[in-house]
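Participant: Chain by chain, the residues run as shown.
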Amino acid sequence: MRVVVAEDLALLREGLIRILQAYGFEVVEAVDNGPSLLRALETHRPDVSVIDVRLPPTLTDEGLRAAIDARARHPGLPVLMLSQYVEQLYARELMSDRAGAVGYLLKDRVSDVGRFIDTVRGVAAGATMMDPEVVAVMLARHEEDEPLRALTPREREVLALMAEGRSNAAIASRLFVSEKAVSKHSNSIFTKLGLHPSEEDNRRVLAVLAYLQA
Amino acid sequence: MPVIHTTSRRGGLRAGLAQRMELLGWSLLLLLASLAAFALLVLWSTALGLVLLGAGLPLALVATVVVRWFADRHRGWAGRWLPAPVARPYLPLPPGNWFRRLWVILKDPATWRDWAWLAVDSAVGWCTAGGPFLLFAAGLFYLLYPLVFALTPPQVFRTPLGPRFHLHGVAESFAMVPLGLLLLVLWYVGAVPFARLNARLVRLLLAPTEQARLRARVAQLAASRAETVDSQAGELRRIERDLHDGAQARLASLGMSLGLAEQLLADDPQAVARLLAEARESTSTALAELRDLVRGIHPPVLADRGLDGAIQALALACPVPTTVGVDIPGRLPAAVESAAYFAVAEALANAIKHAGAHRVDIRLEYTAQGTLSILVADDGRGGASFEAGTGLRGIARRLAAFDGTIGIDSPMGGPTNVRMSLPCAWS
Numbered sequence: 001m002r003v004v005v006a007e008d009l010a011l012l013r014e015g016l017i018r019i020l021q022a023y024g025f026e027v028v029e030a031v032d033n034g035p036s037l038l039r040a041l042e043t044h045r046p047d048v049s050v051i052d053v054r055l056p057p058t059l060t061d062e063g064l065r066a067a068i069d070a071r072a073r074h075p076g077l078p079v080l081m082l083s084q085y086v087e088q089l090y091a092r093e094l095m096s097d098r099a100g101a102v103g104y105l106l107k108d109r110v111s112d113v114g115r116f117i118d119t120v121r122g123v124a125a126g127a128t129m130m131d132p133e134v135v136a137v138m139l140a141r142h143e144e145d146e147p148l149r150a151l152t153p154r155e156r157e158v159l160a161l162m163a164e165g166r167s168n169a170a171i172a173s174r175l176f177v178s179e180k181a182v183s184k185h186s187n188s189i190f191t192k193l194g195l196h197p198s199e200e201d202n203r204r205v206l207a208v209l210a211y212l213q214a
Numbered sequence: 001m002p003v004i005h006t007t008s009r010r011g012g013l014r015a016g017l018a019q020r021m022e023l024l025g026w027s028l029l030l031l032l033a034s035l036a037a038f039a040l041l042v043l044w045s046t047a048l049g050l051v052l053l054g055a056g057l058p059l060a061l062v063a064t065v066v067v068r069w070f071a072d073r074h075r076g077w078a079g080r081w082l083p084a085p086v087a088r089p090y091l092p093l094p095p096g097n098w099f100r101r102l103w104v105i106l107k108d109p110a111t112w113r114d115w116a117w118l119a120v121d122s123a124v125g126w127c128t129a130g131g132p133f134l135l136f137a138a139g140l141f142y143l144l145y146p147l148v149f150a151l152t153p154p155q156v157f158r159t160p161l162g163p164r165f166h167l168h169g170v171a172e173s174f175a176m177v178p179l180g181l182l183l184l185v186l187w188y189v190g191a192v193p194f195a196r197l198n199a200r201l202v203r204l205l206l207a208p209t210e211q212a213r214l215r216a217r218v219a220q221l222a223a224s225r226a227e228t229v230d231s232q233a234g235e236l237r238r239i240e241r242d243l244h245d246g247a248q249a250r251l252a253s254l255g256m257s258l259g260l261a262e263q264l265l266a267d268d269p270q271a272v273a274r275l276l277a278e279a280r281e282s283t284s285t286a287l288a289e290l291r292d293l294v295r296g297i298h299p300p301v302l303a304d305r306g307l308d309g310a311i312q313a314l315a316l317a318c319p320v321p322t323t324v325g326v327d328i329p330g331r332l333p334a335a336v337e338s339a340a341y342f343a344v345a346e347a348l349a350n351a352i353k354h355a356g357a358h359r360v361d362i363r364l365e366y367t368a369q370g371t372l373s374i375l376v377a378d379d380g381r382g383g384a385s386f387e388a389g390t391g392l393r394g395i396a397r398r399l400a401a402f403d404g405t406i407g408i409d410s411p412m413g414g415p416t417n418v419r420m421s422l423p424c425a426w427s
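From first to last, the protein sequence lines are chains A and B.
Counting in the UniProt record's numbering, the first sequence runs from 1 upward without gaps.
Counting in the UniProt record's numbering, the second sequence runs from 1 upward without gaps.
The shape of chain A in the complex, shown without the other chains (with noise of 0.2 Å):
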């Protein structure tokens, strides 16, 4: 898979190339700066990019903006966004025009390299993948509201995880329940908050999303 990187500082630009490398993915291109990142993402036109949301030369929010133009220009160019603190502002506006193959993590989930990996591989194929600190302020903001109160405690952390993007085998491996549990879960989530149930898995995070997004 081709992968482009943009990350300004070089310790974790290095850092992140090695780990894609070992787990087969080809680096096209790693950038350090928006406007290389802009042109990067136009010439290779990448099956995933790996970015920094912070870079030169503002060093503001420049690689969320080139991520958001690039994708304007080419809708659903898959892209994961990194940083050193989420906000839930840059998770509405990447998620805003609903084309999927997003992602936007906390640098600190790299660390857990399986699941940084399966991240990537996830927002490749078209998923949208949410960090769980971005999902718990969401989840956070309908606490007190009906449907919401109704989960059970159970169904809540599946519903925590389909908002993070994790498929059904992937929660199911995660909380020690078959597939079909999860499947019997997530119905029951659907029914409860009202919403058209879907079998496939980025339609219904969209849609999850679209909901604790309200």
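Each hint should be verified, as a subset may be incorrect.
Partial chain A-side listing against chain B, Cβ under 7 Å, derived [to be verified]:
| no. | residue |
| --- | --- |
| 1 | T43 |
| 2 | H44 |
| 3 | E87 |
| 4 | V137 |
Simulated from the structure, these hints should not be mistaken for laboratory data.
Glycine included, each C-beta is placed from N, C-alpha and C at the ideal position.
Assemble chain B onto chain A, guided by the hints.
Facilitator: Only chain B this time, still in chain A's reference frame:
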């Protein structure tokens, strides 16, 4: 009371007359006030004299309070006729015993300026303040002179302009009517200039002198600077402590875990796996702590998106529904953005934590006077005050460094409105 402007051409005679009549009332009131000023002057001087003789302390204090109240009424009146209100010049009174208070009152130059004003007002007030009323009264009197002539006994009102000008009948007395008209015209034309003149006189003696104004400003700046320096030092200490107990300690333990893992690599791969998992956990925690610390120093989203975006982000991360309205042209100075952001964040946290609000509304507006005005309104249980929490006092301190202000309207049972204002260009 509404501010009265000079009559515009379109306003016409009616509005002009209404204004003149109001001024006439004021003129009469101020005329009586200038008589009262004389009485106060005598009372106050006597009281102060008695204090010097060792008695009359309560009388002097009461007289001072009355004089200041009296002067304040005049300041208020004068402010309406001048481009800016007339400020109160007095030094703040210290708490504690009456002698110290009286001493401060006696030391205060504004006290002696009040005294001078009482003297001036009782001497010339009848003319500057009472002028319009006297003109009007005299005008009316001469206008109705024939009537006066006819109704009074033959010995009085026969020589209106001195002994050499003797009127012999009602018909001759009509000679005074034009004089009455002239005086009334003078009254009509002169009413507004007279009021301005009187207002200037009040300002001349009752407004703070430039020196007093600067002295008060210096005292205020010194106090807010001391607070700012203090709170900054406190912040730095807190950051140092957080780093020392948090990230630094975690990195040290991380090094130990890795060192141990290196030793055990050959003998006990299972223990190594456990140590490495611990080490990873440790980095995550350290990063989370650093993240919180950074947010407390300068939230990255504020640098990225300015105040507008940062407040939106704050609202999105808030567990209760929060609406945001921001009307700011472009970016403000970084220090103002930061102060405003933390003030809003604190007010929002209060609304959620202490007031148990279900809805919060945040409005930011940049006014024409170059001031950022902020409103944080919630539907919680109210009862917020500066005494109740350190948070609001903290905001007040932060804002004071910018000459900003904060006002809280929070009756028991809610709702709460926290209004803040922050000048964006400061002196």
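Participant: Taking each numbered hint in turn, which are not upheld by the structure, reported in ascending numerical order?
Facilitator: 1 and 2
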